[in-house]
Structure formats: C-alpha cells, structure tokens
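A.B. asks: Spelled out, the chains give:
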Amino acid sequence: MNDKKKLVVSSAPHLRDKGTVGNAMRDVFIALIPVSLVSIYFFHWYAAITIGVCLLTAVLTEVLFRKMLKKEPTLHDWSALLTGLFVALLFPATTPWWKAAIATFIAVGIAKELMGGLGRNRFNPALFGRVALIILAPLISFIDNQFAALYINLGTVDVMTQATPLAMLHQGMEMPGYGELFFAFPGGALGETSPFFLLIGAAYLFYKGHIGWRIPVSILGTVVVLTLLLGENPLHHLLVGSLALGAFFMATDWVTSPFTNRGKVIFGIAIGALVILFRVGLAPTEGVAFGILIMNGFVPMIENATTRYQFGRVRKAVAVTSGEE
Amino acid sequence: MEVKAFLGGINVPHYKSFSEKQEIKEIKLPQQIIIPLSQHIGAPCQPLVREGDRVKAGQKIGDSDSFVSAPVHASLSGTVSSIEDKKIHSGEKVQCIVIDVDKKQESIEYADNDLEKVSKEDIVKAVKEAGIVGMGGAAFPTAVKIQPPPDKPVDALILNGCECEPYLTCDHRIMLEKAEELLQGVKLLQKVLDVKKAYICIEDNKMDAISELSEKNDDPGIVIMKTPTKYPQGAEKQLIKATLDREVPPGGLPFDVGALVQNVGTAVAVYEAVKYNKPLLERVVTVTGQNIAEPGNIMVKIGTPLEHLLNECGGIKEEPAKVVMGGPMTGVAQEDLEVPVVKAITGITVLPPAMAFGELEYMECVRCGKCVEDCPMLLYPNQISIYGEAGMYEQAEKWNTMDCIECGICAYVCPAQRPIVKFVQQAKPQIQNLQNSRNNT
Numbered sequence: 001m002n003d004k005k006k007l008v009v010s011s012a013p014h015l016r017d018k019g020t021v022g023n024a025m026r027d028v029f030i031a032l033i034p035v036s037l038v039s040i041y042f043f044h045w046y047a048a049i050t051i052g053v054c055l056l057t058a059v060l061t062e063v064l065f066r067k068m069l070k071k072e073p074t075l076h077d078w079s080a081l082l083t084g085l086f087v088a089l090l091f092p093a094t095t096p097w098w099k100a101a102i103a104t105f106i107a108v109g110i111a112k113e114l115m116g117g118l119g120r121n122r123f124n125p126a127l128f129g130r131v132a133l134i135i136l137a138p139l140i141s142f143i144d145n146q147f148a149a150l151y152i153n154l155g156t157v158d159v160m161t162q163a164t165p166l167a168m169l170h171q172g173m174e175m176p177g178y179g180e181l182f183f184a185f186p187g188g189a190l191g192e193t194s195p196f197f198l199l200i201g202a203a204y205l206f207y208k209g210h211i212g213w214r215i216p217v218s219i220l221g222t223v224v225v226l227t228l229l230l231g232e233n234p235l236h237h238l239l240v241g242s243l244a245l246g247a248f249f250m251a252t253d254w255v256t257s258p259f260t261n262r263g264k265v266i267f268g269i270a271i272g273a274l275v276i277l278f279r280v281g282l283a284p285t286e287g288v289a290f291g292i293l294i295m296n297g298f299v300p301m302i303e304n305a306t307t308r309y310q311f312g313r314v315r316k317a318v319a320v321t322s323g324e325e
Numbered sequence: 326m327e328v329k330a331f332l333g334g335i336n337v338p339h340y341k342s343f344s345e346k347q348e349i350k351e352i353k354l355p356q357q358i359i360i361p362l363s364q365h366i367g368a369p370c371q372p373l374v375r376e377g378d379r380v381k382a383g384q385k386i387g388d389s390d391s392f393v394s395a396p397v398h399a400s401l402s403g404t405v406s407s408i409e410d411k412k413i414h415s416g417e418k419v420q421c422i423v424i425d426v427d428k429k430q431e432s433i434e435y436a437d438n439d440l441e442k443v444s445k446e447d448i449v450k451a452v453k454e455a456g457i458v459g460m461g462g463a464a465f466p467t468a469v470k471i472q473p474p475p476d477k478p479v480d481a482l483i484l485n486g487c488e489c490e491p492y493l494t495c496d497h498r499i500m501l502e503k504a505e506e507l508l509q510g511v512k513l514l515q516k517v518l519d520v521k522k523a524y525i526c527i528e529d530n531k532m533d534a535i536s537e538l539s540e541k542n543d544d545p546g547i548v549i550m551k552t553p554t555k556y557p558q559g560a561e562k563q564l565i566k567a568t569l570d571r572e573v574p575p576g577g578l579p580f581d582v583g584a585l586v587q588n589v590g591t592a593v594a595v596y597e598a599v600k601y602n603k604p605l606l607e608r609v610v611t612v613t614g615q616n617i618a619e620p621g622n623i624m625v626k627i628g629t630p631l632e633h634l635l636n637e638c639g640g641i642k643e644e645p646a647k648v649v650m651g652g653p654m655t656g657v658a659q660e661d662l663e664v665p666v667v668k669a670i671t672g673i674t675v676l677p678p679a680m681a682f683g684e685l686e687y688m689e690c691v692r693c694g695k696c697v698e699d700c701p702m703l704l705y706p707n708q709i710s711i712y713g714e715a716g717m718y719e720q721a722e723k724w725n726t727m728d729c730i731e732c733g734i735c736a737y738v739c740p741a742q743r744p745i746v747k748f749v750q751q752a753k754p755q756i757q758n759l760q761n762s763r764n765n766t
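Protein chains in written order, with the working numbering: chain A, 1 to 325; chain B, 326 to 766.
Quick caveat, the hints were computed from the structure, so don't treat them as lab data.
Fair warning: there could be bad hints in the mix.
Said to hold, decoys possible - Quick look at which bits of chain A chain B covers, simulated, 3 or more residues with Cβ under 8 Å:
1. 7-14
2. 114-121
3. 300-309
Just so you know, even glycine gets a beta-carbon here, dropped at the ideal spot from N, CA and C.
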C-alpha cells in the first residue's frame, strides 16, 4: 500500500464547462452553412469556388503567418476557416477568385495574425479583408488589367447579372416581394441571399449561448427607427444587403465587440445609425461593413465608459434595524 | 420564506448523489495523527506539549495569546512522537504535533451544562476554548466572529446550509441528523449576539433537510429559508444579498451591513462546546467522487491522514486520480496523501482519470464575456486575467481584483480555458504589496 499513488494536480476549479473556443467557432461555421448552400443553389460553381478558395487561402495563410511568427498553427480552433467563410460570404459570386483570395489573405494574415492572433485583433478580420480590397482598388484594377488570364469562365448564370436588391433600393427601382427577399433572393454577396436561413443559423447560436440579443436587437431596432424617421421602408432595409449577416454574425463577434452589457447596446445603436448613414446618405454598398469596422475601433472606449459597479458599491445607505423587523 | 436572488452565478452539475443518502459514520482510528498548529486564519498556536508527552483525547496541545487565533486539541489519546514542520493541504509548511495513537483510548471528562443558565461570557469562553473555527471552509476563529465591534450592531444571523459546492453533502447530513443540536446552537449564537432573527438558508435541492428543520423548529425567531440552487449561493456576501437584500461593501465584512454568517456545522460545534465543553476534535467530512470505492459522510478525527481516510472508504478506484481537498470548484488538488484533515476540510473529492486534468493549455482571452455575465461579484474577470497574466498589477487592482471571492465560475465557463483563478491568486499578494507600500509613503 506504500507505493506512491499517481495523482494529478492543477489549480481550481477542477470542473470545467464543455464549451471551448474551437467548439464555438465550429458552431458559428455550422450556422453559416444554410446560407452558403442557398448561395450555391443560386450561383452554382461560382459560389462554391469562391467559398472553397477562401477556406483554402485562410488555412494556408494562417499556417504561413504562424510559421513566420514562430507559433504553433491553431487550425483546430476553427477561427481561420470561419474567417475564410465569412470573407466568401461578403463577396458577390461575380468576384474573381483571386480577389477573394487576396481579401482572405489580408483578413487572416494581417487583420488577425499580425495583430497578435485570435483575441488581440481589434477589427473583425473578415470585414477588414473585405474593406481592404475597396481601399486597394488601384492595385486591384492593375492586377485586373495585367492578368486577364486569371479569369475562369464557368459559363453564365443568369441571376448574376441582375441588379442587387440594395442597388434597386438605392435607385428607387421596384423591389421584389417581401417573401422573396426574406426567404431567398439571388443578388448581392453570397451571404445576402437569404435572411431566413441566416436567422435559422442565428437562432442556433443564440440557443448555444454564443451570441446575445443586445447587439442584433439594438442594430436592427435602430435601423427600423431611423428608416421610419427618414420616411424609408424599414422592411426593405432589414431584408437587403448584408444587414442580417452583419447584425447576427459579425457585429456579435466576441473579440471585436464590447464585453459590457450597456456597451453592447451602444455599440449596436451606433452601428445601426452608421448603416443608415451610409445607405441613405453615402455610397449604397458596404455600409454594414464600414459601420461595424468603425465601431470596432471604438470598443475600448465604449467598454471604459460602461463598466458596472462591482458588488457592494452600495448606492443607498443600509438601514440596520435593531432587533424587530 | 423565499429569497431574492443575487446577480451572476451559474448552475453547475451537483454530483451529490454519491453521498447524499449516506448516514454519518465513524471509521477505524488511524495509527498516527498530525495536528497542525495553524488550522485557522490568524496567529499560529504555540505547542503546549513536548515530544514524548502523553496526551488525552480532547486535551489542549497548542494555544496562542493573540485575539485572532484558535487553540488546537489532541483528537485522540497517545504519545507525542514529534513536533515538526509538515506540509498541509494548502501546500504550506506548518508546525505540526504528530501523535502516535493509543490502542486503548483515554479522553478528558466532559461537562453537561444547563443551557438555560449560561451567560454570554460563558458562550464566548466555551467557543474560544473549544478552538472552533468556521467549518464551511474559511476557518476564521468563531470566538472572534461572535464578538462584533460595538459600533457595528448585528441584527441578523444567517446559518449557511446552502452547500452550493458540487459533490459535498456534509452540511446536508448534519442538518438531517443533528437538527436538534443545530437549532440549539443557533439559539446560543442568537443569545451571544443579542440577535432576535436567525435564518437557516438551505438550497432547494435539499428539501428533506428543509422539512426536517421546519418540523423540529418551534422558535419563531428562527426562519428556515429555501434558497435557489445556484452556485455560489453559499458564498457569504451572495447569501447576505439573497437573504437580507444587503450588499457588503468592497473590502467590508458582514458586520458592516449588520449581518453575521455561520456555517451550520459550526453551529453544531458551538452547541457541543457550550453544552459539554467539547473541543473541536472531529468533524463530518464528505468523501466522495466517481473514483472512491465507498463514498460517504465520515466523522473524522482532526489530524487523520488523508490516506487513512481514503483507505477506510475503500480506496481510490483508478489512477491517475485527482484528489481534491474540499469541493471541486474551490478545493485544492493534492500531490500526496500524507496531509492531515483539518478543521476546515468539508470534503475530499476523488475524481476519475477522465476528469483528472492537469493545468490546461489555454489561449488568449477571446473576450466572449461569459465570465463577465456570470461573475457573482460583478467584476471583469477577463480584464483581471489579462493584467494578472501580464504582471500588470496596478491595472489588475483597478479592475477590483481584491474583491474576487475566487468562486471559480470565470475559469469554469472560460472557453479559452484560461486559469483565471490562478491569475487572481498570483495577483492578490502583489496588489497587497503595492497597497502597503503606498500606505507607507
């Protein structure tokens, strides 16, 4: 009985919840599969190739950058794959594959890994990659002109050439029916094809406890209020563009949203206001992307302004009764 | 009577079924006992015996002149074999009196006092002499606690029978099997504190204890309170908030809001001390977990080596195991089994290989906010862990690290597996140093 027992030690607590970052990221990936399938249904190989290229580029970029930074690859946390899928969903099917690849490279390599890796990035990597391509427009058109051979012709898909609902809305064209816009309508980025299937994914994430109600509700609520005030049709604004994708999946990104409850509401209201500012006042596209990215920058400030009192910072004096109650 | 809730907190799996139906029982005496001279918060005791001395069960063998301290007693009769520094469950080395236990036991004589006639002074003296400390795990000397400063009147006594830690059932069994003694102990505490109202708080996963005590209680001054089952319901500040809707201020004590909290086991010990002059030489310890052959609630002599206790419960089933002194949320995992059971040990949780993880590999904080959502002290454990990890203790102080009660919820929910409690424990003494040096200049 004297032989030493094999005992394991660690710091408390000795029980842990099952949820891990990898599981959560994987769940978000799963939640985006329905809308991805809708986009493939509409755009066939164009959508599938965009998604495939982005996923592959994301994985290769993460391995490359982490090798360069002499860190272990962390593909098991699903964050690279998820960023890749997000980037794909932010582009229309007409986007050449190499553009999506460059955006993914910037998203995973620069916006995430060079910022210090998952958890330290201040800006949503996928949105950063998407917007970087807009800023890098001269470079993109240079590549465009020099390397026409990069295009792959997969035949034509009719729906790809029609105006996006967001553009229709901006130009005052006649809009498709609400039902069509809500359930599935081809046009715009891959992730804009179906608010309905995005909502199913969001419901799954809500059920799993990965996203809360505060950010999406404050974004969508603000959009409704502002559009009513401006005399616009709130339903159209809710259903078109990447608002649903942004409000439920991208603004709720753990790393780049405030961790205070009041901060989440302020963050959401500001994003909603920016989206409407961009859509009604400025360029009709990428209002959601710019709105979220701008507010990502304000997160530390919002957090500092909205911290709660710790337990026991009593706001009223305690009446100690002597004896009888 | 129902209670208000506190903010934060989570539901953790209870794992109470291993031992909740097991009656309190005795085990075979160990051959040797190890009595640490410091089993409490406050000044350590000085030994009152020498190597080779014969001691009786119940004899005082260590004491201190300090106000904040508690004497220690031989829990069994025998011969003092050595007085030496030994490692205890917290990992510290503490001066211990080692006693070789006699085959034939010899005890001090116990009194049988009339509880109607005891004065406040008698109660304080009996509690002090018995070496009673908070038995819920905090180990603060009870004699000190029942003498609140005159400028801080106490109007509510709370008896903590929540037992919110998973696995543990010792308080549950005490409430079921020693209800009379408990109620007598509560009355003594009410008397010494001059408090008319006492609340016995029990989580609603122990309905049998609630009905047992409600049945036995005939005193309108004692209220049996059903609290929701939510971790950490039994944490002192959260329990006061839930019972009285009062918040103990940061850095403050329950006195500051007119409350005093005692564990139910402590109340029983107070009763035994006042009634029989019986020192705290044994306590109920839950030996439990998936990986112990015969889980149970054991009346253990203070100083019993852990290994003896585990062997008497059928031993560890599978290795590698994790043996936790206390419950799994706040307890300390043990490297070896030679450490003694002391006054504040509520249970031994023996976890199976599948649950016996070592330090987990962790990631950067991904700012998910789950710890913020669930922190019962309304802190920001995410920030504390980031600054604690980076050694930025002034920042950690600003995020109120010192208010942390180390309940373990943040680390439990953290999807990045960050050892947040460990960071807090590392930061606290550093912040204390910062505060001290600031006060000195």
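A.B. asks: A separate judgement is required for each hint: does it hold in the structure or not?
C.D. replies: So, going through the hints one by one against the coordinates:
| no. | hint | in the structure |
| --- | --- | --- |
| 1 | 7-14 | holds (count 8) |
| 2 | 114-121 | holds (count 5) |
| 3 | 300-309 | holds (count 3) |
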